[in-house]
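Line by line, the protein sequences are chains U, A and C.
Per our numbering, the very first residue in the first sequence carries number 261; after that it's consecutive.
Per our numbering, the very first residue in the second sequence carries number 54; after that it's consecutive.
Per our numbering, the very first residue in the third sequence carries number 5; after that it's consecutive.
It is possible that part of the hints are untrue.
Said to hold, decoys possible - What follows is a set of in silico ranges between Cβ atoms, one per label pair, in the way DEER data are often shown: (1) C:T629 - U:G443: 15 to 21 Å; (2) U:G395 - A:K114: 17 to 23 Å; (3) C:T512 - U:I370: 58 to 64 Å; (4) C:Q456 - U:G443: 55 to 61 Å; (5) U:F288 - C:T512: 28 to 34 Å; (6) U:W445 - C:T512: 55 to 61 Å.
Stated by the list, open to error - For lysine-lysine, the following DSSO-like pairs were computed, each having C-alpha atoms within a straight-line distance of at most 30 Å: (7) A:K180 - U:K497; (8) U:K425 - C:K259; (9) C:K259 - U:K355; (10) A:K62 - U:K497; (11) C:K543 - C:K418; (12) C:K106 - C:K123; (13) C:K484 - C:K460; (14) U:K492 - A:K179; (15) A:K203 - U:K492; (16) U:K331 - C:K247; (17) C:K418 - C:K436; (18) C:K580 - C:K418; (19) U:K497 - A:K162; (20) C:K484 - C:K580; (21) C:K44 - U:K355; (22) C:K247 - U:K355; (23) C:K250 - U:K331; (24) U:K497 - A:K191; (25) U:K492 - A:K115; (26) C:K210 - U:K355; (27) A:K145 - A:K115; (28) A:K191 - A:K180; (29) U:K497 - A:K114; (30) C:K250 - U:K355; (31) A:K179 - U:K497; (32) A:K145 - U:K492; (33) U:K497 - A:K145; (34) C:K471 - C:K259; (35) A:K180 - U:K492; (36) C:K259 - U:K331; (37) A:K191 - A:K145; (38) C:K533 - C:K552; (39) U:K492 - A:K162; (40) U:K492 - A:K114.
These aren't lab readings, by the way, just hints derived from the structure by calculation.
Glycine included, every Cβ here is placed at the ideal spot set by N, Cα and C.
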Amino acid sequence: MLRYIIRRVLWAILVLLIVVLITYMIFFLLPSGDPAVRLAGKNQTPQLLEQIRQQFGLNHPWYIQYLLFLKHAVLGDQYGWPGLGLSFISKVPLKGIIFSRIAVTAQLAIGAAIVWLLVGISVGILSALRPHTVGDRTAMGLAVLAISMPVFFLGPLALYIFWFKLGWLPGTGYYALGQYGFGTWFSHWILPWVVLAVLYAAFYARLSRSNLMETMSEDYIRTARAKGLTEKRVVLKHGLRAGLTPIVTVFGLDLAALLGGAIITESIFNLPGIGQLTVQAVGGQDLNTIAVITLVAATFVVFANLVVDILYAFLDPRVRFD
Amino acid sequence: MPEPLLEVKDLRVQFPTDDGVVKAVDGLSFTMAAGETLGIVGESGSGKSVSFLTVMGLINKKSAIIEGEVLFQGQDLVQMSNDELREIRGPKIAMIFQDPMTSLHPFYKVGDQISEMILAHEDISKKEAFNRSVEMLKRVNIPQPEERAKQFPHEFSGGMRQRAMIAMALSLNPDLLIADEPTTALDVTVQAQILDLIDRLQSEFNTAVALITHDLGVVAEHCDHIQVMYAGKIVEEGTADDIYYRPMMPYTWGLLRSLPRLGHDTDRLTPIAGAPPSLIFLPDGCSFSPRCPYVFDECRVIEPDLLPIDGHHAARCLLSLEDRERIVAQEILATP
Amino acid sequence: MRKRWVTGIAMLACMAVVAAACSSNSSSGSSGGPSGTPQKGGTYRTATQTLSNTSNFDPTGEYYGYAWAIFQNMLIRGLYNYNHVPGDEGNTPQPDLVTDSKVSDDGLTYSFTIRDDVKWGPPLDRTVTTGDIEYAFERINNSNLAAYYGNYYCGVIKGMTCSETTNHPVSGIDVPDDTHITFHLESPTGDFLYRLAMPATYPQPKEVAGCFDSAGGYGSDLVSSGAYMYYGADKLDISGGCKTLKPVAGINPDKGMTIVRNPNFDPSTEDPTMFSNYLDGLQVEINSNVDDIFQKIQNGDLDGSFADTPPPTVEQQYATDPNLQQYIHSDPGDRTWYITMNLLAPPFDDPHVRKAVQWVVDKAALVKGYGGSLHADPATTIDPPSVLPATANYNPYPSDGFAGDVTQAQNEMKQSVYDTNQDGMCDAPECKFVLLANNTSPWTNMNPILQQDLAKIGLTAQLQEVKPDVVNSQTVTVDKLIPMSFGQGWAKDFGSPYGFDFFVFNGTTISCTGSYDQGLLGMTEDQAKECGVEDAYNKAIQFYPDHKLPSIDDQMAKCVQEEGDAQQQCYADMDKVIMEEGMTWVPWSWGKNLIITSPSVTQYVYDQNAGDPAWSHIAVSNTATPENVA
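Just need the whole structure built from these sequences, with the hints factored in.
Written out as structure tokens, the structure is:
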């Protein structure tokens, strides 16, 4: 098992190196102009351009910039460790803002995850146990509707109804728990969590329903009933355990992808997370920030893959004999 | 005569579907005595499995129409509630299924799955239940039962899994064991072992056994009585001798002829021509008539009753007894 | 937060009845109306999509207008400042720290005396000295600090080269004592006072600024010399020198900024014409959702916008509703939108073609496509009237309703070598060319308008729409020889035409990869050789009797040395040459800045120099205390 983990970690590192390399390649190969010219603004003297190139390390060929990025990331730079350099747009050292932004995105992702797991899986289970009833059909119909409503539609709609018109909930923005207290912190999270969770809840409802229905038609369920076990035990211990285990994989990857930035949700609700930073960075051709964000997001996904695989081995004994 | 253990009276099980009503079991009546071994033979779709799943109450009452009576030790199981049935499953009637790999839960240890059944019906400690599981595994001849009890189903071989299922089924000493195609998924050599095991345990536990199979060869050595089912009905029933030496129904003849035999030319098997009928649109008259080599006009119009031939042998066919005896002597038994 | 929420619900309840009735209620008298007397107190709460900056709000390097608005209205004092009012008055530098000034007859020596009673804000406890002013220039001179406007001082003040690597005294600046300072210039510079009104020259305390040796560092600890400071500046600890100094809490370019009153401030040191100081604070939060910003203004969570263009639906609502019109403020932004024509690229190497284009462009239609009169006015010349009043009535290519004059245009085209049959329509192969333009809204609606205008004189513009960045980077690269581009704008650095004209029309600024003289006005043969466009150059000069490209370099050098009205007239004459002979620009509009306020703003004033709300004069009726949003 240990050898397996070490091997996976080494592969993960290789993947991350390649991902950042591709990022650099795309940035420099797409025709968007010289970043230094863009940063220098109107009054461009050759002197100023040179200063700017030095300031942002743009005076090297792109592959050298890539290697320097790696070197600083691992060894640190003048702003600390890890050395993530400056944002081209805000001139703020990235080290300072990346972690606080990850924290915000993490709050968004985890909160929404709790909502969608609870709602989605419960609805899915109830539907699976009463298939083809009115309740089941209604639930699955609503699920299709929810899947069709993207966040950029649902978000502003929810804001308009619940904040602007009804005033039941506060508006956009992030209010840190430490600074503002539980009530303010929580009330500002309700809409973003729910709006983000809707799509996933619908998807998970359908997924757990179909998984569970398939499981409940398996032979071992018949055996369990034949053993005279209560229906509750049959469903909970025999059905759910097998039916929901595949969801672990899906969930791990969904959560990891979200941790790389729920771009639309963060932009609509003005949440200072990784997603919002991504929009700014890409729009402003902020190479440094783009590279850092890509690295962060890729790390989450790669790491999540590893965790999910290991977790699955614990859950499904058949997999352990790989 | 002592009261029969199981008495099935005119059992009908129908499944309404979009295409029509599937008549899976179409008027089934038989009895089983305590300690008896009954063999039920038929193709898929003959109703053999459905009838016993109905006995266990494992047919979903919402998707099936069940008529008739299933009297077990005097009580009608068809009328029982789920709670009442649950108390019967395990301690009184147990069932094992065709594929032990999929019939055991892949995520739980084998010993725990056996203990679970015991604990569902008896108020003992987990440790005690586990010890009993290990004991059962020993009785089905699984070596190193203590280690094996802590393993998962996929770590067992096919034959061992089926033994474990048998162990589980018998762990509460039921009065009736239903074995639904217990050897179909196993190697031939293992088949024999399992059947012998069932025999031995039957006498040790004094359990009645209903052995369901499509293979006539399997029931020969192990069953006191044999029922041949076709299209939801019994078409012939009798002792093993009756069926093998004096079969009285063309379908049974077909089954016998399709058995491969040692010493005979086995380049080609002789299957029964045609295919099993649709259970929605059963043919008029005798349900076997479309495939019967000896069919005549009345067969397609009149549905034959199950008529006794002697005290223990009955068959469902319009052919006269003489004709049938002649055909048996000339064609069936004489076939090289 | 809760308090605002309740206020928000109350306002929402009001809105729920009848939206129009609500706003008319709050605007008719009462303490909220804009016609009420401005009072001291309250916070202007606003939000913006991004606080983009060049140098982390370090005055040495920062060059965005809204940063300057905050510096010069609230945070820092300098030799010269502005009155922060609209119009020409708002564009004219006024003495701030200066109590007495003297300029030598040859214009090479400027001596100033400053007040001795202006104190630094926390964490310092001493007065501002001329030594602090000189230190600011030391930092401009240090190339590591990337002073974006260094060129206004280097090569102008003796001893300033902008290529030093450490901070050390500038030889051309004398500081005999704490209240006197003298600048020695290389050559007469008539708009020198404008240059002293830019934040990079404002005093900086060595004990704090000196802690930062890379560009932008000082921005996180800017010490106040004005009526306001960053939130949390009073909590800074400099007792252990640079090591104990932490970034101030009130500014984070990633999140926002909060500005509060400076406790060390003495009101008697400020001229009330320049600073009214009504606000208790300014709160600028970053909000990535522009629609949300304007919704919050409408429901009272915010008091007004900061820098974002209102979404079209919001703008329309405010523009057409008589009750809301008073809350939308549109002021000249001292920005000219222009079309470029390249002297070296056919068919624009022929002056007749360029002149024909000047006649044919339908500026009214372009302004309409751009958003109408709230966003821009049609332009007649290079500099907007508030930058160069002397050309306010100069209109060399007049037409009815600014729609262009096709007849005049065709007459001009007839004289061009590219109109072979002299019918007023360009017909030579060179008449087909690539028009580089923006691929974003609203430009995609306007590009076809220009195409159609050009077609009226036979010019076939093949439209190539790209990102605005790319339009910019391509046109500043000389060897691309982009014949014509559309969609770029140019804004003033300060209210003198020098800043407006120098980088875009002076040939000496031409560099092969970063030249904003995109039309290559005044390019020399050496420059052409260096940039690899010699062939095009040699062909282009054939159009001029003296075989040299039109240039205003000499004239500009003269204008720089003039002063006052004479300087104005000099630049006016220079612009005439550009508009009628050089013609590398077709200026089609003068842009305006749009700010939307809520009824809580009882006094709104526009700061012409900064192009932003005048924070020193704005008043609000709310009683909110500033919260830290950074």
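Right, here's what the structure says about each hint:
{"no.": "1", "hint": "C:T629 - U:G443: 15 to 21 Å", "in the structure": "holds (20 Å)"}
{"no.": "2", "hint": "U:G395 - A:K114: 17 to 23 Å", "in the structure": "holds (19 Å)"}
{"no.": "3", "hint": "C:T512 - U:I370: 58 to 64 Å", "in the structure": "holds (59 Å)"}
{"no.": "4", "hint": "C:Q456 - U:G443: 55 to 61 Å", "in the structure": "holds (59 Å)"}
{"no.": "5", "hint": "U:F288 - C:T512: 28 to 34 Å", "in the structure": "holds (32 Å)"}
{"no.": "6", "hint": "U:W445 - C:T512: 55 to 61 Å", "in the structure": "holds (58 Å)"}
{"no.": "7", "hint": "A:K180 - U:K497", "in the structure": "holds (20 Å)"}
{"no.": "8", "hint": "U:K425 - C:K259", "in the structure": "holds (27 Å)"}
{"no.": "9", "hint": "C:K259 - U:K355", "in the structure": "holds (15 Å)"}
{"no.": "10", "hint": "A:K62 - U:K497", "in the structure": "violated (36 Å)"}
{"no.": "11", "hint": "C:K543 - C:K418", "in the structure": "holds (21 Å)"}
{"no.": "12", "hint": "C:K106 - C:K123", "in the structure": "holds (25 Å)"}
{"no.": "13", "hint": "C:K484 - C:K460", "in the structure": "holds (27 Å)"}
{"no.": "14", "hint": "U:K492 - A:K179", "in the structure": "holds (20 Å)"}
{"no.": "15", "hint": "A:K203 - U:K492", "in the structure": "holds (25 Å)"}
{"no.": "16", "hint": "U:K331 - C:K247", "in the structure": "holds (27 Å)"}
{"no.": "17", "hint": "C:K418 - C:K436", "in the structure": "holds (17 Å)"}
{"no.": "18", "hint": "C:K580 - C:K418", "in the structure": "holds (23 Å)"}
{"no.": "19", "hint": "U:K497 - A:K162", "in the structure": "holds (13 Å)"}
{"no.": "20", "hint": "C:K484 - C:K580", "in the structure": "holds (28 Å)"}
{"no.": "21", "hint": "C:K44 - U:K355", "in the structure": "violated (40 Å)"}
{"no.": "22", "hint": "C:K247 - U:K355", "in the structure": "holds (19 Å)"}
{"no.": "23", "hint": "C:K250 - U:K331", "in the structure": "holds (27 Å)"}
{"no.": "24", "hint": "U:K497 - A:K191", "in the structure": "holds (27 Å)"}
{"no.": "25", "hint": "U:K492 - A:K115", "in the structure": "holds (18 Å)"}
{"no.": "26", "hint": "C:K210 - U:K355", "in the structure": "holds (27 Å)"}
{"no.": "27", "hint": "A:K145 - A:K115", "in the structure": "holds (25 Å)"}
{"no.": "28", "hint": "A:K191 - A:K180", "in the structure": "holds (17 Å)"}
{"no.": "29", "hint": "U:K497 - A:K114", "in the structure": "holds (23 Å)"}
{"no.": "30", "hint": "C:K250 - U:K355", "in the structure": "holds (16 Å)"}
{"no.": "31", "hint": "A:K179 - U:K497", "in the structure": "holds (17 Å)"}
{"no.": "32", "hint": "A:K145 - U:K492", "in the structure": "holds (21 Å)"}
{"no.": "33", "hint": "U:K497 - A:K145", "in the structure": "holds (23 Å)"}
{"no.": "34", "hint": "C:K471 - C:K259", "in the structure": "holds (27 Å)"}
{"no.": "35", "hint": "A:K180 - U:K492", "in the structure": "holds (23 Å)"}
{"no.": "36", "hint": "C:K259 - U:K331", "in the structure": "holds (29 Å)"}
{"no.": "37", "hint": "A:K191 - A:K145", "in the structure": "holds (22 Å)"}
{"no.": "38", "hint": "C:K533 - C:K552", "in the structure": "holds (14 Å)"}
{"no.": "39", "hint": "U:K492 - A:K162", "in the structure": "holds (20 Å)"}
{"no.": "40", "hint": "U:K492 - A:K114", "in the structure": "holds (18 Å)"}
Checked against the numbered hints above, the structure violates hints 10 and 21; every other hint is satisfied.
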